[in-house]
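Asks: Residues per chain, in single letters:
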Amino acid sequence: KQEVTQIPAALSVPEGENLVLNCSFTDSAIYNLQWFRQDPGKGLTSLLLIQSSQREQTSGRLNASLDKSSGRSTLYIAASQPGDSATYLCAVSGTASKLTFGTGTRLQVTL
Amino acid sequence: SAVISQKPSRDICQRGTSLTIQCQVDSQVTMMFWYRQQPGQSLTLIATANQGSEATYESGFVIDKFPISRPNLTFSTLTVSNMSPEDSSIYLCSAAGTGQETQYFGPGTRLLVL
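Residue numbers (our numbering), protein chains in the order written: chain A, 854 to 964; chain B, 630 to 743.
Please note: incorrect hints may appear among the correct ones.
Mimicking DSS-like on lysine-lysine, the simulated pairs with C-alpha atoms at most 27 Å apart in a straight line are [claimed, not checked]:
1. K694/B <-> K854/A
2. K694/B <-> K895/A
3. K854/A <-> K921/A
4. K636/B <-> K854/A
Since the hints were made in silico from the structure, they are not lab data.
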């Protein structure tokens with residue numbers, strides 16, 4: 854059974870810092886990995902999708918990497934801003950597009 | 630991308646009653662799913678909603694408790710039956726096209742059972 858873990862569980866950084874969020878999964882037989890952001894009381898916003906054949910994806914200040922063989926992904930956020938404060942979730946896709954979610958990292962960017 | 634709406638956005642219900650949640654997608658999609666997010670937890674997949682046939686449930690979830698309908702390629706409902714306080718959660722639907730594509734989520738339905 855696939856298990857997805859995210860470290861750290863919570864993180865507080867001052868504005869402007871670069872930061873890395875970590876995601877690990879136990880079964881490397883995945884189709885893709887997706888990073889989401891969840892704001893309090895809201896649904897999920899998709900940030901980046903990395904196919905299993907890819908090593909990384911970039912969108913603006915966000916860069917996600919995937920090392921499928923070692924079961925790891927990182928989300929790099931450059932020049933963090935208070936608006937980046939949210940919970941970040943990674944999810945891996947197995948058969949039939951079903952997602953297994955990680956435990957989440959709660960990020961707070963302070964002024 | 631797909632835009633997904635859910636109704637109701639939130640509800641407070643009495644134990645023993647049932648609530649039906651609606652999920653509407655603005656375009657035809659192949660796959661639709663229902664997830665549950667318990668307080669302070671991450672998301673857990675309840676079932677895959679199959680168009681024109683019975684839903685496929687994950688381990689720990691049964692049709693009698695969470696009946697699901699999907700009459701067409703843009704709409705699905707999830708019913709939470711005979712509710713107890715343990716059913717208090719956020720229920721989210723999601724959708725994806727063919728293949729292994731980005732999965733989009735609705736805003737969720739916040740359910741509190743008293």
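Asks: State for each hint whether it applies.
Replies: Here's how the hints hold up against the structure:
{"no.": "1", "hint": "K694/B <-> K854/A", "verdict": "holds (24 Å)"}
{"no.": "2", "hint": "K694/B <-> K895/A", "verdict": "holds (25 Å)"}
{"no.": "3", "hint": "K854/A <-> K921/A", "verdict": "holds (16 Å)"}
{"no.": "4", "hint": "K636/B <-> K854/A", "verdict": "violated (32 Å)"}
Going through the hint list in order, the structure does not satisfy hint 4, though it satisfies all others.
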